[in-house]
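Just so you know, the protein sequences line up as chains E and H, in that order.
Taking the numbering used here, I'd label the letters of the first sequence as residues 46 to 482.
Taking the numbering used here, I'd label the letters of the second sequence as residues 488 to 911.
Check the hints yourself; a few may be wrong.
[To be verified] Computed list of lysine-lysine pairs in DSS-like fashion (alpha-carbon distance at most 27 Å, straight line):
#: 1; chain 1: H; residue 1: Lys497; chain 2: E; residue 2: Lys118
#: 2; chain 1: H; residue 1: Lys512; chain 2: H; residue 2: Lys881
#: 3; chain 1: H; residue 1: Lys902; chain 2: H; residue 2: Lys753
#: 4; chain 1: E; residue 1: Lys400; chain 2: H; residue 2: Lys566
#: 5; chain 1: H; residue 1: Lys846; chain 2: E; residue 2: Lys118
Don't read these hints as lab results, they were simulated from the structure.
Predicted model, so just to flag it, every value in this text is computed and none were measured.
Spelled out, the chains give:
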Amino acid sequence: MGLPAGKTSVEKLAEKNGVQFYRIKSDKFKTTRIDLFFMDNLERDRASGNALLPSILKRGCASYPSVTEFERKLEELYGADIDGGSLKKGETQLISFHMSHISDRYTLGNEKLFDECSQLLMCILEKPLIEENGFKKSVFAKERDNLIDYIRSRVNNKMRFSMTRCIEEMCEGEPYAISEVGSEADALLLTPQNTLELYREMIQTYPAYVYISGEVDDISIQNFIDNFISMGRGNIKSLKTSPVQKNVSEVKRIDESMDVNQGKLCLGFRTQVDACSPDYYPLVVYNGILGGDTHSKLFQNVREKASLAYYAQSILEKYKGLMIILSGIEAENRGKAEEIILKQVEEMKNGNISKEEIEATKKALETGMKSMQDSQGSIVDFFMSQHLTNCTEDFDSQAEKFKSVSMDDVVRIAQNVQLDTVYFLKPNEKASGEGNE
Amino acid sequence: MNYNTQFYEKVGETLYEYRHESGLKVFFVKKAGYNKKTAMFGTNYGSIDNVFKVQGSDREIEVPDGIAHFLEHKLFEQKDGNMLDKFSRLGASPNAFTSFTQTVYYFSCTDLFEDNFRMLLDYVQNPWLTDENVEKEKGIIGQEIRMYEDNAEWRVFFNLLECLYVKHPAKLEIAGSIESISKITKELLYDCYHTFYTPSNMIVVVVGDLEPEGVFSIVDDMIKFKDRGKVEKRYPDEPEELNSEYREQKLSVSMPLFYMGIKDNKRVSGAELLKRRIALSIALNDTMGRSSTLYNRLYEEGLINDSFRFEASLDQAFGFVAWGGQSVDPKKTAEIISGVLKELAEKGIDEKSFTRIKKSYQGMYIRSFNSVDTIAREVMDTCFNGTSYFDVGKIYEELDVSYTNNVIREVFNNKAALSVINPL
Numbered sequence: 046m047g048l049p050a051g052k053t054s055v056e057k058l059a060e061k062n063g064v065q066f067y068r069i070k071s072d073k074f075k076t077t078r079i080d081l082f083f084m085d086n087l088e089r090d091r092a093s094g095n096a097l098l099p100s101i102l103k104r105g106c107a108s109y110p111s112v113t114e115f116e117r118k119l120e121e122l123y124g125a126d127i128d129g130g131s132l133k134k135g136e137t138q139l140i141s142f143h144m145s146h147i148s149d150r151y152t153l154g155n156e157k158l159f160d161e162c163s164q165l166l167m168c169i170l171e172k173p174l175i176e177e178n179g180f181k182k183s184v185f186a187k188e189r190d191n192l193i194d195y196i197r198s199r200v201n202n203k204m205r206f207s208m209t210r211c212i213e214e215m216c217e218g219e220p221y222a223i224s225e226v227g228s229e230a231d232a233l234l235l236t237p238q239n240t241l242e243l244y245r246e247m248i249q250t251y252p253a254y255v256y257i258s259g260e261v262d263d264i265s266i267q268n269f270i271d272n273f274i275s276m277g278r279g280n281i282k283s284l285k286t287s288p289v290q291k292n293v294s295e296v297k298r299i300d301e302s303m304d305v306n307q308g309k310l311c312l313g314f315r316t317q318v319d320a321c322s323p324d325y326y327p328l329v330v331y332n333g334i335l336g337g338d339t340h341s342k343l344f345q346n347v348r349e350k351a352s353l354a355y356y357a358q359s360i361l362e363k364y365k366g367l368m369i370i371l372s373g374i375e376a377e378n379r380g381k382a383e384e385i386i387l388k389q390v391e392e393m394k395n396g397n398i399s400k401e402e403i404e405a406t407k408k409a410l411e412t413g414m415k416s417m418q419d420s421q422g423s424i425v426d427f428f429m430s431q432h433l434t435n436c437t438e439d440f441d442s443q444a445e446k447f448k449s450v451s452m453d454d455v456v457r458i459a460q461n462v463q464l465d466t467v468y469f470l471k472p473n474e475k476a477s478g479e480g481n482e
Numbered sequence: 488m489n490y491n492t493q494f495y496e497k498v499g500e501t502l503y504e505y506r507h508e509s510g511l512k513v514f515f516v517k518k519a520g521y522n523k524k525t526a527m528f529g530t531n532y533g534s535i536d537n538v539f540k541v542q543g544s545d546r547e548i549e550v551p552d553g554i555a556h557f558l559e560h561k562l563f564e565q566k567d568g569n570m571l572d573k574f575s576r577l578g579a580s581p582n583a584f585t586s587f588t589q590t591v592y593y594f595s596c597t598d599l600f601e602d603n604f605r606m607l608l609d610y611v612q613n614p615w616l617t618d619e620n621v622e623k624e625k626g627i628i629g630q631e632i633r634m635y636e637d638n639a640e641w642r643v644f645f646n647l648l649e650c651l652y653v654k655h656p657a658k659l660e661i662a663g664s665i666e667s668i669s670k671i672t673k674e675l676l677y678d679c680y681h682t683f684y685t686p687s688n689m690i691v692v693v694v695g696d697l698e699p700e701g702v703f704s705i706v707d708d709m710i711k712f713k714d715r716g717k718v719e720k721r722y723p724d725e726p727e728e729l730n731s732e733y734r735e736q737k738l739s740v741s742m743p744l745f746y747m748g749i750k751d752n753k754r755v756s757g758a759e760l761l762k763r764r765i766a767l768s769i770a771l772n773d774t775m776g777r778s779s780t781l782y783n784r785l786y787e788e789g790l791i792n793d794s795f796r797f798e799a800s801l802d803q804a805f806g807f808v809a810w811g812g813q814s815v816d817p818k819k820t821a822e823i824i825s826g827v828l829k830e831l832a833e834k835g836i837d838e839k840s841f842t843r844i845k846k847s848y849q850g851m852y853i854r855s856f857n858s859v860d861t862i863a864r865e866v867m868d869t870c871f872n873g874t875s876y877f878d879v880g881k882i883y884e885e886l887d888v889s890y891t892n893n894v895i896r897e898v899f900n901n902k903a904a905l906s907v908i909n910p911l
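Put together the whole structure using the sequences plus the hints.
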């Protein structure tokens with residue numbers, strides 16, 4: 046029932062009081078959705094509060110004061126989904142909300158789901174549970190406790206933990222070191238009152254992007270936009286950009302130990318490349334050749350040739366111009382692994398790149414750009430990222446940019462990549478114990 | 488060319504089924520308007536298949552834990568280079584996975600589907616193992632095993648299976664242990680390959696904006712291997728009792744993690760398996776889903792958080808229901824849940840909740856058709872279990888509250904086991 050393959054595009058429907066509304070054109074999906082993002086500068090004293098907002102708002106609203114009632118309503122609407130969260134892109138914090146439901150034609154009796162589902166979304170945004178000029182105390186207390194538990198639990202996933210620690214050390218003193226959910230110390234300063242204050246700021250002053258995708262009629266969309274805009278808006282906050290230029294004078298080395306079996310090695314680099322600059326495209330190709338896929342230098346040399354690791358890869362942080370290399374290894378192989386990794390980075394600088402490597406990477410990027418258009422979530426993420434960085438390329442033109450990257454471009458980028466921080470999560474001597482009670 | 492079609496009107500999708508002369512089953516789902524094409528080549532062979540009769544002999548062997556997964560890694564290696572590189576040169580993204588019951592090789596691409604598809608069909612039929620390349624892989628898989636040793640969610644899950652199963656190999660780690668993989672040899676790998684990688688034990692699934700005849704004729708052209716006959720594998724008789732009620736381990740985590748489960752002792756297959764799986768999911772959702780009184784009580788009391796999950800894992804060879812997440816007090820939480828489950832086993836689920844939750848699951852089924860990869864995986868999984876993913880819609884229509892309550896009584900009267908990971 047989908048349309049033939051063609052351009053996936055986005056149309057701006059309205060812009061009012063710092064809110065931009067977009068309609069994504071792609072009719073092949075079975076679901077209809079709204080994705081909205083409120084944006085704030087990533088700052089220490091705001092990050093925890095911002096992260097707490099979606100958790101509190103999801104706990105009910107004036108029409109559905111209990112979670113049980115709210116969730117039962119969603120089940121009745123064929124398992125509609127309403128969710129929210131916090132993420133960071135560069136030094137911008139995004140507070141996101143999401144609504145999705147199966148498109149009307151797939152319901153048992155051609156029911157109209159969009160109006161009801163979007164009203165539920167508006168309810169949690171507009172009419173949170175409030176008492177004594179603060180968020181409802183019991184809800185606030187529980188969600189703040191959960192946020193703190195969540196912040197503490199980042200240690201559980203050792204791969205992600207080592208990467209986060211590497212970035213924290215590397216970007217010490219820069220806003221990017223702040224977590225997308227803030228810190229425990231800052232979460233403890235929050236109260237039902239100051240968090241409600243922050244909520245009002247979000248609704249009234251944060252710049253926002255709204256994306257609507259899937260089958261839905263124009264009248265319903267217009268009604269949603271009108272409702273959204275009718276929430277009061279004040280002076281719209283202006284956002285700072287994320288600086289990417291930084292010269293490294295000395296490589297920082299951090300070793301930390303923990304009771305783990307496998308060591309995690311993380312190398313943080315500065316690429317000096319802005320998200321929407323012409324150099325961004327060769328940077329992505331550079332990263333692909335170095336450690337983006339199974340054909341990459343890191344995978345081939347650390348895993349396939351030396352058998353030191355199950356994974357060895359490099360990841361770009363597009364908005365902050367960072368590249369992180371990660372690998373899980375035995376502690377005793379740490380020196381050997383680091384040497385092999387840095388040798389690959391040198392090979393890139395020296396232009397020791399085969400035609401096959403660059404071609405395979407460019408093809409992988411082309412496949413990636415096309416495949417993204419088969420997921421509603423990825424389409425939203427693509428356009429939102431472009432809007433955030435004031436980048437005008439669409440899927441096709443960005444794919445063209447990747448195609449035209451030359452070997453010289455890649456080597457030029459390689460020359461500017463600087464190692465900033467080496468982080469190693471080291472296993473303690475004593476291995477972890479196990480036993481039945 | 489002869490093939491069958493199954494049209495699922497409600498979602499507007501068609502399943503094409505072709506039976507190759509070797510006995511290999513081939514499925515295709517057309518996704519008009521999608522760029523991505525996914526092809527999977529899988530064998531009905533996973534980590535639990537460790538006792539079997541070697542094809543062409545009367546010899547029954549027991550193989551080292553983790554060998555199915557080891558073989559999965561090794562199949563990528565070919566005489567003229569690594570398959571991962573070859574796919575990558577054509578812009579495709581290749582991978583494979585080994586589960587309890589399946590080993591599946593796949594790729595996704597947007598262009599050059601035919602070249603990639605031919606490569607997939609070819610390399611899975613042609614293993615190339617040497618003593619040297621088998622040894623080399625032990626280092627890589629060793630690190631994969633070490634990674635899982637530090638993964639608390641993985642550990643809490645397998646420790647639960649260890650509690651649930653006395654003898655059944657579902658309790659074994661899919662990748663094995665450093666010790667067990669050290670015993671793997673080229674010869675043993677070939678024994679496994681020749682036994683399980685035979686057309687009548689395998690399935691090919693393709694999903695994407697392609698044409699059925701095109702897909703099936705490539706299969707005709709590429710499938711060279713002949714069927715080696717019926718697989719004879721054996722599982723131990725699993726007693727109804729638990730292996731143990733409780734298991735605990737300490738790892739570097741911020742707060743305790745728990746996973747609790749009940750063994751389903753009744754073995755079914757085909758449409759009945761799907762029906763039972765859905766009925767148990769609805770029962771779990773009713774009892775401990777986000778809309779339930781229990782979930783909200785535990786959440787309010789600070790005993791569970793957003794990480795709480797549940798699952799109904801049912802397969803032809805084994806089955807269990809399980810739930811868990813982070814908790815400051817796993818034992819107290821487990822006790823409260825057990826109390827509510829006892830009540831569920833007595834009273835069952837009421838018609839109104841059943842209807843509401845069923846509707847929400849029907850919605851999720853329709854959503855699954857958004858993703859080429861999900862469709863491919865589900866078509867393969869349901870076929871290995873003797874049914875069709877396109878029958879799920881019909882199963883929802885048939886499923887009623889009295890059937891669901893029968894299944895509830897059969898399962899939730901069994902004793903639950905508890906696995907806990909405590910912080911160091």
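Verification of the supplied hints:
Of the pairs offered as hints, the one joining Lys497/H and Lys118/E holds, with about 23 Å between alpha carbons and a cut-off of 27 Å not exceeded. Using a Cα cut-off of 27 Å, the hinted pair Lys512/H and Lys881/H holds, with the two alpha carbons roughly 22 Å apart. Only pairs whose Cα atoms come within 27 Å are accepted, and Lys902/H paired with Lys753/H is accepted, the gap being roughly 15 Å. Straight-line distance between C-alpha atoms of Lys400/E and Lys566/H comes to about 23 Å, which keeps the hinted pair within the 27 Å bound.
Note on Lys846/H and Lys118/E: the hinted pairing holds, with a Cα-Cα distance of about 11 Å set against a maximum of 27 Å.
In the structure shown, no violation is registered for any of the earlier numbered hints.
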